[in-house]
Amino acid sequence: MDLAAQIRSGLQSQGLPSPSISWIQSAMPNRSPLPPLPALIATVKTRFLAADLTSPTLFDSPLLAFPSNASNPEVKEVKLTWDIPVQVLDIENLSKSKWEQVEELEAIARGEQTRGREIIRLPTSNEEDEFSLDGQATQTANNGVERSGSRGASVASANIANAATKTSTHRLVLQDCKGQKLYGLELKRIDKISIASLNIGEKIMLKKGAILARGTVLLDTTTCAILGGKVEAWHKDWVEGRLVRLREAVGADSRNAA
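Quick note: the sequence shown, position 45, residue 45 per the UniProt record's numbering, numbers continuous.
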């Protein structure tokens with residue numbers, strides 16, 4: 001077995017789809033000597049997860065796309081008969097108002113994330129100290145030691161956010177390797193799907209047996225595997241564009257209410 005075939009076998013063993021041999025060869029490092037096989041597999045995996053699935057050289061199998069009737073709203077229900085890799089083009093939390101979505105995206109843009117029972121704000125270069133609610137300062141560690149998050153209101157906010165996450169329903173726009181787009185709707189809550197954690201361009205494997213109902217893929221933990229990845233340019237444009245659209249929608253709603 002040649003090196004590219006060994007890499008493809010390694011990707012398959014990790015649950016990833018099989019790229020074409022020619023694409024794997026183009027994704028391998030251009031150096032001599034080449035690194036060991038595990039490092040090669042890791043490199044090609046990273047480049048695959050950052051690639052556009054619609055690239056004509058990425059796959060050579062015709063069975064990796066949605067069936068021809070997938071987007072037909074008149075088809076009540078059909079099950080996939082093969083695994084299909086897709087990439088995320090859009091995500092929306094249907095359980096949150098437009099204003100709540102604006103706040104969430106703004107928090108992500110500021111580097112704030114919810115972790116456990118605290119909201120952690122990632123340090124920026126011009127921040128030296130941070131004060132908790134009781135007035136005590138916590139120092140930013142230069143050696144990478146995590147800074148303590150503020151308690152009190154932050155914990156309460158995090159608890160509300162975590163509770164909302166457990167009951168949220170997200171709708172995704174998914175694209176297959178042929179460029180076909182379908183909505184994906186959470187049938188059961190999937191923890192890895194959230195606006196704070198799912199990236200635009202991230203890869204998902206829709207497994208055999210997943211249900212297509214009236215042009216929408218129903219997502220649950222048994223038929224939806226999050227593979228990871230991100231298309232950096234797509235994600236940046238999405239965050240900026242979605243914030244603009246949501247703010248405009250919030251403003252329009254406010255004017256209509258007045």
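Hints were generated in silico from the structure; no laboratory data involved. All figures in this text were calculated on a predicted structure; none of them were measured in a lab. Where is the CB? At the ideal position from N, CA and C, for every residue including glycine. Warning: the hint list may mix true and false statements.
As the list claims (entries may be wrong) - Pairs of lysine-lysine, DSSO-like flavour, derived with a Cα cap of 30 Å:
{"hint": "1", "residue 1": "Lys207", "residue 2": "Lys178"}
{"hint": "2", "residue 1": "Lys45", "residue 2": "Lys208"}
{"hint": "3", "residue 1": "Lys208", "residue 2": "Lys181"}
{"hint": "4", "residue 1": "Lys45", "residue 2": "Lys192"}
{"hint": "5", "residue 1": "Lys76", "residue 2": "Lys236"}
{"hint": "6", "residue 1": "Lys96", "residue 2": "Lys188"}
Stated by the list, open to error - Computed Cβ-Cβ distance ranges for the label pairs, DEER-style:
{"hint": "7", "residue 1": "Leu63", "residue 2": "Lys181", "range": "35 to 45 Å"}
{"hint": "8", "residue 1": "Pro73", "residue 2": "Glu106", "range": "27 to 37 Å"}
{"hint": "9", "residue 1": "Gly251", "residue 2": "Gln6", "range": "49 to 59 Å"}
{"hint": "10", "residue 1": "Ser71", "residue 2": "Ala5", "range": "33 to 43 Å"}
{"hint": "11", "residue 1": "Ser55", "residue 2": "Asp2", "range": "15 to 25 Å"}
{"hint": "12", "residue 1": "Gly251", "residue 2": "Gln25", "range": "28 to 38 Å"}
{"hint": "13", "residue 1": "Ser197", "residue 2": "Thr222", "range": "12 to 22 Å"}
{"hint": "14", "residue 1": "Ala5", "residue 2": "Glu248", "range": "16 to 26 Å"}
{"hint": "15", "residue 1": "Val250", "residue 2": "Thr81", "range": "34 to 44 Å"}
{"hint": "16", "residue 1": "Lys208", "residue 2": "Arg110", "range": "22 to 32 Å"}
{"hint": "17", "residue 1": "Pro73", "residue 2": "Glu248", "range": "41 to 51 Å"}
{"hint": "18", "residue 1": "Asp2", "residue 2": "Gly241", "range": "42 to 52 Å"}
{"hint": "19", "residue 1": "Glu103", "residue 2": "Pro62", "range": "22 to 32 Å"}
Comparing the hints with the structure gives:
In summary, the hint linking Lys207 to Lys178 is supported, as the alpha carbons are separated by about 17 Å, within the 30 Å threshold. Distance restraint check for Lys45 and Lys208: the Cα-Cα separation of roughly 22 Å lies within the 30 Å cut-off, and the hinted pair is therefore satisfied. Between Lys208 and Lys181, the direct Cα distance comes to roughly 18 Å. Compliance with the 30 Å bound is thereby established for this hinted pair. Straight-line distance between C-alpha atoms of Lys45 and Lys192 comes to about 20 Å, which keeps the hinted pair within the 30 Å bound.
A hinted pair counts as satisfied when its Cα atoms are at most 30 Å apart, and Lys76 with Lys236 does not qualify at roughly 36 Å. Our distance criterion of 30 Å between C-alpha atoms is met by Lys96 and Lys188, whose separation comes to about 17 Å. The hinted range of 35 to 45 Å is not satisfied by Leu63 and Lys181, whose Cβ atoms lie roughly 19 Å apart. Our hint of 27 to 37 Å for Pro73 and Glu106 holds, since their Cβ atoms are close to 35 Å apart.
Roughly 56 Å separates the CB atoms of Gly251 and Gln6, a value that falls within the hinted 49 to 59 Å. Against the hinted window of 33 to 43 Å, the Cβ-Cβ separation of Ser71 and Ala5 comes to about 35 Å, which satisfies the hint. Under the hint 15 to 25 Å, the C-beta atoms of Ser55 and Asp2, about 22 Å apart, fit the expected range. Between Gly251 and Gln25, the C-beta spacing of about 51 Å breaks the proposed range 28 to 38 Å.
The beta-carbon spacing between Ser197 and Thr222, approximately 20 Å, falls within the hinted interval of 12 to 22 Å. Evaluation of the 16 to 26 Å hint for Ala5 and Glu248 yields a failure: the beta carbon distance comes to about 51 Å. Taking the beta carbon of each, Val250 and Thr81 are about 43 Å apart, inside 34 to 44 Å as hinted. Taking 22 to 32 Å as the suggested C-beta distance range, the pair Lys208 and Arg110 does not conform, at roughly 41 Å.
For Pro73 and Glu248, the Cβ-Cβ distance of about 28 Å falls outside the hinted range of 41 to 51 Å, so the restraint is violated. Between Asp2 and Gly241, the C-beta spacing of about 43 Å keeps the proposed range 42 to 52 Å intact. For Glu103 and Pro62, the Cβ-Cβ distance of about 44 Å falls outside the hinted range of 22 to 32 Å, so the restraint is violated.
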